[in-house]
Amino acid sequence: MFTQSELEAYLDEDLAADEMARVEDALRSEPQLAETLAALNVRRDSGMHSVGGIWRRARISCPTREQLGSFLLQAVDGAHADYIRFHVETIGCRACQANLEDLRQQQEEAAEVVDTRRRKYFQSSAGYLKKGK
Amino acid sequence: MSSPSEIDALIVRRIRDGDGDAWCDLIARYEGRLLAFAQSRLGRRAPSEDVVQETFIGFVNSLPNFDTSRTLESYLFSICAHKLTDHMRREGRRPALPFSAFHDDSGGEWEIPGNIRGASSIARSGERRHLESDSLTAAIQEQVDRWRREGDWTKIKCMELLFVRGRANKDVAGALDITEQQVANFKFDFIANLRKTVKKQTLSRDVFPELYEG
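Protein chains in written order, with this note's numbering: chain A, 1 to 133; chain B, 1 to 214.
Hints are computed from structural coordinates only; laboratory data are not their basis.
For each residue, glycine too, the CB sits at the ideal point set by N, CA and C.
Among the hints, erroneous ones may be present.
[What the hints assert, rightly or not] Only part of the chain A face toward chain B is listed, based on derived beta-carbon distances under 8 Å:
1) Asp12
2) Val76
3) Ala79
4) Ser125
5) Ala126
With the rest of the complex left out, here is chain A:
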């Protein structure tokens, strides 16, 4: 059973990855869930706001990337560290999870692997620069 806030997060690709997969599994076996999601879309298209949706999109309570880095280094004080853990693990904030994973990877990944990847992105997108200007 998913809450309306969770389904709204699903529509925005904003639930934690395992929960996104749970909704997708449920969609395959429960046709009425697709109807619920479609109704949510209609409600949003008609101009309704939800506090949770606004909170997620504006990332109201997300720690900064610098704070996440300090958290990884265990340099954040107890109560604040506990809150960051809650936000990432219990709330399942996708953007903060991605930032944390990236920061972890940076500590482990070889510089030349990163350089190769960045060069690939640059070469495939730089040609669009003038067009997008």
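Position chain B relative to chain A; hints supplied.
Chain B alone, transformed into the frame defined by chain A:
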């Protein structure tokens, strides 16, 4: 020292001036977190890199529409989420649902066009939606910033569980080891403050149903 948002604004300005080095800087700054975002869903590295690549191309194409008052990171994540959704639909992993004209508020030509109403109607109501959303964002942010300054993490956790996860008062009380009455009191104060904003800014109550339930 410049703040992250000032650095982002500067990078975007340089990119708009056609500075290739700035484009390199933006990629270096954001590709890792976008890759982690995509890979958490796709699992495999190669398709995740493809999604990130499409995200950067999508960003360049939508650059004329990018509003620098919004955060670059959130904008890139929202493009990435769309590209990821498209990718998973193509793979048959994400069931197709009726598209939404407004399921992201950042705009841009990468966005799936809505076909429910005419373009002028969407543009008009889009402006109104931004105004409503921005007003409520500021009101929520003000309360959260105050709790953060006071180290009142329990109230932030409480509101996140109630509104971001949609949990019932009873569940929230259990999760945070506080009473249901405390949850109800926190919620009442929070909503009362948001209602004040709606009233002060003469926004329509009808578009914020949660604030006027019960």
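Comparing the hints with the structure gives:
Among the interface hints, the one on Asp12/A holds; its C-beta lies about 6 Å from the nearest C-beta in chain B, closer than the 8 Å criterion. Interface restraint check for Val76/A: the shortest CB-CB distance to chain B comes to about 12 Å, outside 8 Å, so the restraint is violated. For Ala79/A, the shortest C-beta to C-beta distance to chain B is roughly 6 Å, which falls under 8 Å, so the interface hint holds. Among the interface hints, the one on Ser125/A holds; its C-beta lies about 4 Å from the nearest C-beta in chain B, closer than the 8 Å criterion.
Taking 8 Å as the C-beta contact cut-off toward chain B, the hint placing Ala126/A at the interface holds, the least distance being around 6 Å.
Checked against the numbered hints above, the structure breaks only hint 2 and satisfies the rest.
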